[in-house]
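Chemist: For the sequence shown, my numbering gives the first residue as 1, with consecutive numbering after it.
It should be emphasised that the hints constitute simulated quantities derived from the structure, not laboratory data.
Straight line, CA to CA, 30 Å or less: simulated DSSO-like cross-link-like pairs of lysine-lysine:
no. : residue 1 : residue 2
1   : Lys59     : Lys86
2   : Lys3      : Lys361
3   : Lys125    : Lys161
4   : Lys86     : Lys3
All values derive from a computational prediction rather than experimental measurement.
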Amino acid sequence: MSKLMFVFGTRPEFIKLYPVIMEARRRSHDVVVVNTGQHREMLDQLLDEMGMAADFNLKIMTQQQTLADILARTLSPLDQVVAQVKPDHLFVHGDTSTTLAGSLIALYRQVPLSHVEAGLRTFNKYSPYPEEMNRQLTGVLTDYHFTPTEVTRGNLEREGKDPSRIFVVGNSAIDMLRYTVRDDYTHPVLDEVGDRKLVLITVHRRENISELGQMFSAINDVAERYAETHRLVYPIHMNPVVRRAADEYLTSSNIRVIEPLGTTDFHNILSRSHLVMTDSGGIQEEAPSLGKPVLVLRDTTERPEGVAAGTLRLVGTGREDIVREAARLLDDPEEYQRMATIANPYGDGTTSQQIMDVMDKVIADAG
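Based on the provided sequences and hints, a complete structural model is requested.
Modeler: See below:
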């Protein structure tokens, strides 16, 4: 069997590569796992949670590192690992600085590159930033594009990518839910919510930092307006700027701000939520598969399929807009039910098997 290297450095990357890694191992491939350490505490916690140890941990993270720091501190150590291991194939995911670094090293070492979750685009250089250009640049270097939907396939084809190297496989985030969501799950936060309905909040994106006052004020308004029937829960991001803004604007006693959750905890609380308000990317894919409407607190999204299907509603970052759209769902059961029952456009939970079916054929054809 071939030697397959998987490179990641953040929690979202690992969440979506984990099912692919497990499927590769199930098929007896020689799997090498590389963690750049772009994120530290949350990613290490997740690796422990899933019982997986990286074969190499580059531990690049430093305090207040810049985007240039991340890329510079990743390239040389990763190059040394790839030179030592000599993988037959290298996998990256998504759109992080680790993704771009892994793609460059695959080029430099002439290792075939697979990009999982390829083809997402806003075509706005600075939104999301720097992710949009990370994934566009990675796309130029990729040999095999594993893309979630026909829309993302179209993006790649319009950019001139070889159609025979593009594979629509859905999103592996849906696969991950099979490993995490449990019927018998309990948590003190759920006990605290009690009979009220849970509104789950996540806010952290870099391009939204200047809008945090508006966004948190809107969330505070929603918390006050629905205090008798709903309870808002916000697993707060580690970013100190986000935390300071939350302290200033989230004044309602109906908002429960908690420390970041592990993936199993988050997925299970997500599965028991009523509504999700988020600027995250991955949650836009996960929540609809659990029947949860999503208000996307961003001006653009690289997941237009969800907006077109109706599982996502792009509401921006303005205070009045956020409150209005939340009220629209919380006040109208028919509108809520319509959105909650739309089929998820991001796949059926078989993405990792489809990826490895392609890889097995590629390997067999290579002889």
